[in-house]
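Trainee: Protein chains in written order, with our numbering: chain D, 2 to 193; chain X, 21 to 132.
Simulated from the structure, these hints should not be mistaken for laboratory data.
Built from N, CA and C at the ideal position, the CB exists for glycine as well.
Some hints here could point you the wrong way.
What the hints assert, rightly or not - What follows is a set of in silico ranges between Cβ atoms, one per label pair, in the way DEER data are often shown:
no.: 1; chain 1: X; residue 1: T30; chain 2: D; residue 2: L169; range: 51 to 59 Å
no.: 2; chain 1: X; residue 1: G119; chain 2: D; residue 2: G54; range: 16 to 24 Å
no.: 3; chain 1: X; residue 1: H123; chain 2: D; residue 2: T10; range: 26 to 34 Å
no.: 4; chain 1: X; residue 1: F127; chain 2: D; residue 2: E22; range: 27 to 35 Å
no.: 5; chain 1: X; residue 1: S109; chain 2: D; residue 2: P12; range: 28 to 36 Å
Unchecked claim - Covered stretches of chain D (chain X as the covering partner; in silico rule of three or more C-beta atoms under 8 Å from a C-beta of chain X):
no.: 6; segment: 100 to 111
no.: 7; segment: 144 to 156
Unchecked claim - Some chain X residues close to chain D (C-beta under 10 Å, calculated; not the full set):
no.: 8; residue: L53
no.: 9; residue: R58
no.: 10; residue: G70
no.: 11; residue: K81
no.: 12; residue: G83
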Amino acid sequence: MSTERTTMTHPLIDAYLTDLERALADADPRERAETLTTVREHISESVGDAPDGARVAQTLTDLGPVELIAAEATPATPPGARAGTGTPAPAADRDLWVPRVALTAAVLSVPLVVLNFLLAAPIALACLVVAIVYLRRRSPQRGLLQATLVASGLTLLATFALLVTHVLAAPNEAGAASPHAGQTVSAAAPLG
Amino acid sequence: MSSSTESVLTQLRKGVLEYCVLASLRAGPAYGLELAGRLAQHPTLLASEGTLYPLLARLRKQGWVTTSWQESTSGPPRRYYELSPDGTSALETFLATWGPFSHDVTFLLEES
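The following block holds chain X by itself, in its conformation from the complex (with noise of 0.2 Å):
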């Protein structure tokens, strides 16, 4: 991927990540991992799949999700993330926010 457009995905990635990691977290509770392998199915959403801890621990900071501790069959108990009333309420938002938004952005792109 070039550096250019690297740079636009940073900005892009700017606002929307931490809800598409909410949206990920709506089919359930997930660990880091887990979660990491389901973003990195879209190659354009995370840099690389550290960057996914900060915006956890400020998601979790914000009291827009969750953590607790749940058993394993392979080996160690795992910090499983959970969506909280409050991150469910943020995500409603944005889903709200989010399709005039793109419906514009797109629009606009394909007129110009």
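Here chain D stands alone, though its shape is the one from the complex (with noise of 0.2 Å):
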């Protein structure tokens, strides 16, 4: 028996069909092909061999977005084994040790803002970033991120909040050693 249908011309379907390929790219081929097949199938059975405009119409906005279509195949490979053999395993490791060294370190960071605000705030700023990445990343330990988020900002504003204290500090710290440096200023003043 002769399965060949009616070969149908007409712009409309022609795009759909280009469209639905490119939407079911990454799709399980077997998958991909059968439905490019069938869904051929459907439209030349609802237009018939003369496709007029409006029955084309109605057929497409039935058959309903490519996207949709191509949502409910089966990915060629399933997510996370896309990377290709070998590199999701590191990746899977990478994304329980760096959030724990984060949160440690951002954890350290804060008690260190006492001793010295200078070593304190990269470090924290660093964990900043990583959490943001890794949270970006969607990573699993989403917990540990956002208490790296958190312990990391403490220290950050601990750190600002020191500076802005030493900023103010300094005229008054620079005033009270030496009584008379205003008068130097203005002594030395005519010599520039």
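Mind docking these for me? Both chains are given alone in their own frames, and the hints should help you get the complex.
Mentor: If you want it as structure tokens, here you go:
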């Protein structure tokens, strides 16, 4: 029995099938081929041999957006296995230890502010960046990363507060250390 | 239909729709357009008629439906989908599970 169907010629149908083929690019090859064939058969059956514009438009509307059809298809490779063989496991390991290290460093940076805020601030900043990057990657260690954000944020705030305090205190300290500093400057001014 | 309703339906269709397709084939073999028409009578089941075809391809890959060509009185031959013995068995298992499951869900929702 011949299973060949009459070739449909309508620009809307051609465009729809081209879009569908593109939308199914990542689908399981067997499902992609079969879906394309059966959708074509559906259109052919619905519009007949001499498709008119209104009938074609209604058929394609009923079929729905190609993205919706493609979303129903099974992906060619499972998500997470797309990076290639070998790479997913190290990436998974990294997802486990990086958030823990970042949280530890961020927590340690909080008391370190008191001892040396110039050392604590870069550590906190690095932890903050790591936490944001991993949160954007939808790492499963979301809780650890959020805690890292809080701890590093605290360190940076404390550093900022200390810096402001130092800057505000600096003129007073200078004034206290050299009560005649103002006079020295004004005396030196004519020389400039 | 609002986007939130559609997103709930999308989740509910997963794992259920394939059995609805199998159930709609219990009455006998059907070709794609015919099957789409049957399911489209129940507006919550299919997001659009086209979404039926990847599902049918998957069911065929699983061996739950088989296809055959049959002559048509109004045009070229049609591809007919038919429930296989494995598909019938899968549907029976689903039916046996769906009853208590839907009962529990309904009970909990109404109680809440």
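Trainee: The structure should be examined with respect to each hint, and the outcome stated for every one.
Mentor: Against the structure, the hints:
no.: 1; hint: X/T30 - D/L169: 51 to 59 Å; result: holds, 57 Å
no.: 2; hint: X/G119 - D/G54: 16 to 24 Å; result: violated, 47 Å
no.: 3; hint: X/H123 - D/T10: 26 to 34 Å; result: violated, 53 Å
no.: 4; hint: X/F127 - D/E22: 27 to 35 Å; result: violated, 46 Å
no.: 5; hint: X/S109 - D/P12: 28 to 36 Å; result: violated, 45 Å
no.: 6; hint: 100 to 111; result: violated (count 0)
no.: 7; hint: 144 to 156; result: violated (count 0)
no.: 8; hint: L53; result: holds, 5 Å
no.: 9; hint: R58; result: violated, 13 Å
no.: 10; hint: G70; result: holds, 4 Å
no.: 11; hint: K81; result: holds, 6 Å
no.: 12; hint: G83; result: violated, 13 Å
In the structure shown, a violation is registered for the earlier hints numbered 2, 3, 4, 5, 6, 7, 9, 12, in ascending order.
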